[in-house]
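J.: Input sequences plus hints: build the corresponding full structure.
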Amino acid sequence: MADAVRVRNLVKRFGDFTAVDRISFEVRQGEILGFLGPNGAGKTTTIRMILGLLVPTSGEILIQGRDARREIKSVKRLMGYMSQQFSLYPLLTPAENVEFFAGISGLDRKAIRAKKEALAAGLSPSLMKQMIRAIPPGIRQKIALFVSMLADPEILFLDEPTSGVDPETRRHFWEEIYGLKQRGKTVLVTTHNLDEAEYADRMLIIDRGVIIVEGEPRALLQESRAASVEDLFKEAIRRHEAT
Amino acid sequence: MIRLERLAKSFGSLRAVDDVSFSVPDGSITILAGADGAGKSTLLKMIVGLVKKDGGRVFLRDKDVSGDLGRVTAITGYMPERFSLYTDLSVEENMNFFADIHQVPRARRETLKKKLLEKTGMLAFRGRRAGALSGGMKQKLALSAILLASPEFILLDEPTTGVDPLSRIEFFNIIQDLKAEGRTILMATPYLAEAEKGDFVIFLRKGRVLKSDSISRLKKTFPARVFRLQPRLPVFEALKSLPPEQGLRQNVYIQGASLRCLEPPGKDFRRLIPHTKAEEENPTLEDIYIYYERSAGAPEGREA
Numbered sequence: 001m002a003d004a005v006r007v008r009n010l011v012k013r014f015g016d017f018t019a020v021d022r023i024s025f026e027v028r029q030g031e032i033l034g035f036l037g038p039n040g041a042g043k044t045t046t047i048r049m050i051l052g053l054l055v056p057t058s059g060e061i062l063i064q065g066r067d068a069r070r071e072i073k074s075v076k077r078l079m080g081y082m083s084q085q086f087s088l089y090p091l092l093t094p095a096e097n098v099e100f101f102a103g104i105s106g107l108d109r110k111a112i113r114a115k116k117e118a119l120a121a122g123l124s125p126s127l128m129k130q131m132i133r134a135i136p137p138g139i140r141q142k143i144a145l146f147v148s149m150l151a152d153p154e155i156l157f158l159d160e161p162t163s164g165v166d167p168e169t170r171r172h173f174w175e176e177i178y179g180l181k182q183r184g185k186t187v188l189v190t191t192h193n194l195d196e197a198e199y200a201d202r203m204l205i206i207d208r209g210v211i212i213v214e215g216e217p218r219a220l221l222q223e224s225r226a227a228s229v230e231d232l233f234k235e236a237i238r239r240h241e242a243t
Numbered sequence: 001m002i003r004l005e006r007l008a009k010s011f012g013s014l015r016a017v018d019d020v021s022f023s024v025p026d027g028s029i030t031i032l033a034g035a036d037g038a039g040k041s042t043l044l045k046m047i048v049g050l051v052k053k054d055g056g057r058v059f060l061r062d063k064d065v066s067g068d069l070g071r072v073t074a075i076t077g078y079m080p081e082r083f084s085l086y087t088d089l090s091v092e093e094n095m096n097f098f099a100d101i102h103q104v105p106r107a108r109r110e111t112l113k114k115k116l117l118e119k120t121g122m123l124a125f126r127g128r129r130a131g132a133l134s135g136g137m138k139q140k141l142a143l144s145a146i147l148l149a150s151p152e153f154i155l156l157d158e159p160t161t162g163v164d165p166l167s168r169i170e171f172f173n174i175i176q177d178l179k180a181e182g183r184t185i186l187m188a189t190p191y192l193a194e195a196e197k198g199d200f201v202i203f204l205r206k207g208r209v210l211k212s213d214s215i216s217r218l219k220k221t222f223p224a225r226v227f228r229l230q231p232r233l234p235v236f237e238a239l240k241s242l243p244p245e246q247g248l249r250q251n252v253y254i255q256g257a258s259l260r261c262l263e264p265p266g267k268d269f270r271r272l273i274p275h276t277k278a279e280e281e282n283p284t285l286e287d288i289y290i291y292y293e294r295s296a297g298a299p300e301g302r303e304a
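Protein chains in written order, with my numbering: chain A, 1 to 243; chain B, 1 to 304.
It is worth saying that the hints were derived from the structure and are not from the lab. We put the CB at the ideal spot given by N, CA and C, even for glycine. Treat each hint with caution, since some may be false.
Ranges between beta-carbon positions, derived for each pair [said to hold, decoys possible]:
1. P265(B) to S228(A): 24 to 32 Å
2. E176(A) to A296(B): 20 to 28 Å
3. E281(B) to R109(A): 52 to 60 Å
4. T221(B) to G184(A): 42 to 50 Å
5. A124(B) to A120(A): 46 to 54 Å
T.: In structure tokens form, the structure reads like this:
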């Protein structure tokens, strides 16, 4: 089976700044890939290029074997995205957000109603009545995840979904991500909470537009004899900065 | 010292801060932790007067400063959760703007600015537009700006949220330098690994103080033993297949590729979880937080 995502020699320049510098990697079908790196390393830029939101300077992107630039319409349907910033409308309720985004995704009335009911089944009635801006960030993120799954995409991109989320809620969120994998979905997730990288099947570390580490967390830890992904991360960045 | 006495604030029917009292000792780093919506931000805003109290009193240097905003802001620096400087201005221009607001005398301004930007590692970026700074650098600039007023008390609302791990460490080092200078710091954070380096912690839950103490004492008096288990199944599977033993689920959680198992006195939860390896460890602040938080009941919206 073709990889869910295959990126070859991808480059993005903004003026004379190279944000992404000839990176190649793949996201395998059905895996959770942890995508790590410092602020400004190129994570979000890479994701935006894969999603077709940003035109690469050069390089190739294949989504399930199809050229992402030539077959943009059909491959877009395969992908869902939850952005770093909340992608929900703060002045709408959870149900209104679902209605809006489901409409954009082309769901019919019956399907939209079913989605709203599914959301309501998992939220307390008092929260369902609140505007998004009044809902705690951790729960907002769960609603955002629900919304990004409305069109039932095969491949999901989650950009810092647990940023600023408390320790308990972060874990509940990861249980949901794992649930997606069990349903056969492919997930790419970026995070600054490095302990979370160990929940992923494989991980990448990107720094200054270049991939500097790639592999299975456990194998990488054994190989490097680092006590934690955090130590591994620090060491990898330190070595790369020295080059 | 910052002393809060029975602070209260409701928004409609929601009690955001509900009868909260605690003290932040001079020259300490005190961490404010708790679930989203526990009341951390509201509490900080009430101290500096950005949110009006329904009741209670705030003491700074043992003086009741409730209602005396001028006095509070003269000795307190507050850094909100969201970056609140001007993104279209350069680092230097932002500093100048805040120096004006804080009425830093012209004669002292250049030296002070240079000293602060040096301290936060921002001197090399003084010409850069604030909007073009990385997340970590923005926060360091925001901190530099509030330090222009030479505050004795520093309140930080999740200053490292969205900041990468290395910049987070750097930021916390600066906080520790500020403490070494004798300043008093109250900082809300969702990162308990980072909070480990603080002196005191206040866990908030649904607007009330769930637990508060010095971090070392909380660890010493923690009633449960802590084990790191390598489960036979992948962690998420292991978590799902826990047997329905009373109290078990409440005391087990995932941490990377292992399970943390908290055993209150008289309990032997380990034997109920098929594992290949079990190591006893000292409790972390995260263990302690999760233990007390879960003992108090499932948080609101958990079912979401």
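J.: For the pair P265(B) and S228(A), does the Cβ-Cβ distance stay inside 24 to 32 Å?
T.: holds, 29 Å
J.: How does the Cβ-Cβ distance of E281(B) and R109(A) compare with 52 to 60 Å: does it lie in that range?
T.: This hint holds: roughly 54 Å between Cβ atoms.
J.: Is 42 to 50 Å respected by the C-beta to C-beta distance linking T221(B) and G184(A)?
T.: Holds - the Cβ-Cβ distance for T221(B) and G184(A), about 47 Å, lies within 42 to 50 Å.
J.: Taking 46 to 54 Å as the hint, is the beta-carbon distance of A124(B) and A120(A) inside that range?
T.: holds, 52 Å
J.: Taking the CB of E176(A) and the CB of A296(B), does the distance hold inside 20 to 28 Å?
T.: Since E176(A) and A296(B) have Cβ atoms about 23 Å apart, the given range 20 to 28 Å holds.
In summary, this structure violates none of the numbered hints.
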